[in-house]
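Visitor: Taking our numbering, I'd label the letters of the sequence shown as residues 1 to 118.
Treat each hint with caution, since some may be false.
Only pairs whose alpha carbons sit at most 20 Å apart, straight line, appear in this in silico SDA-like list of lysine to any residue [what the hints assert, rightly or not]:
no., residue 1, residue 2
1, 33, 13
2, 33, 78
3, 33, 65
4, 33, 63
5, 32, 22
6, 33, 50
7, 32, 94
8, 59, 93
9, 33, 91
10, 32, 98
11, 32, 61
12, 32, 100
13, 35, 60
14, 33, 96
15, 33, 113
16, 59, 3
17, 59, 22
18, 35, 62
19, 32, 95
20, 107, 12
21, 33, 93
22, 107, 30
23, 107, 88
24, 108, 89
25, 59, 5
26, 33, 84
27, 33, 99
28, 35, 18
29, 33, 102
30, 32, 99
31, 107, 86
32, 35, 52
33, 59, 113
34, 33, 114
35, 107, 65
36, 33, 106
Between beta-carbon pairs, the in silico distance windows are [said to hold, decoys possible]:
no., residue 1, residue 2, range
37, 78, 107, 33 to 39 Å
38, 110, 81, 34 to 40 Å
39, 104, 50, 22 to 28 Å
40, 101, 81, 29 to 35 Å
Hints in this document: simulated from the structure, not taken from any laboratory.
For every residue, glycine included, the Cβ atom is placed at its ideal position computed from N, Cα and C.
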Amino acid sequence: MLTVEDASTVSEYDVVIFADASVDGAEPFFFKKIKIGSESPLGFSSHHIEPEGVMAMAKDLFAAQTQSYVMGIRGYEFDEFGERLSDRAQNNLLEAIDFVERCFRTKKFPNSFNTNIN
Numbered sequence: 001m002l003t004v005e006d007a008s009t010v011s012e013y014d015v016v017i018f019a020d021a022s023v024d025g026a027e028p029f030f031f032k033k034i035k036i037g038s039e040s041p042l043g044f045s046s047h048h049i050e051p052e053g054v055m056a057m058a059k060d061l062f063a064a065q066t067q068s069y070v071m072g073i074r075g076y077e078f079d080e081f082g083e084r085l086s087d088r089a090q091n092n093l094l095e096a097i098d099f100v101e102r103c104f105r106t107k108k109f110p111n112s113f114n115t116n117i118n
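Given only the sequences and the hints, what does the whole structure look like? Please build it.
Guide: Structure (C-alpha cells):
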C-alpha cells in the first residue's frame, strides 16, 4: 500500500516501478509509463494513494523528475490463501523480472509493453 510519505522516497530516484499482482491483466504482465499532467490527481486519503498520486506529489513537493512506471503481473488464485504462488503466476513473475532486468541493463524503458505468451 502506498502512502503520502512514498512521494519523498521516489523523488530520490531516476526510475521507479510500481509492481503488483493483477487479477485480470495481460499475461504475463503489463508495463506502462505513468504520465503526470498539469493537474495533480487528488483522489487519495492519508492512508492510501495510487502510483499516479505519489508521482504527482513527488513532482509538486520535491520537483522530482523521476521516470515512473506501473507493472501488473498476472496472478490467478486470489481467493485462496497460500504461502506460494501458483506455477502460472510464478512463470509470469519470472518473465516480469527478466523484462525489468533488461530495461535497467540497457537503460531503455518503453512507454508501454503488453504481450501474451500463451
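Visitor: Quick one: which hint numbers does this structure break? Sort them smallest to largest.
Guide: Violated hints (numbers, rising): 2, 8, 9, 11, 17, 23, 24, 26, 31 and 33; every other hint is consistent with the structure.
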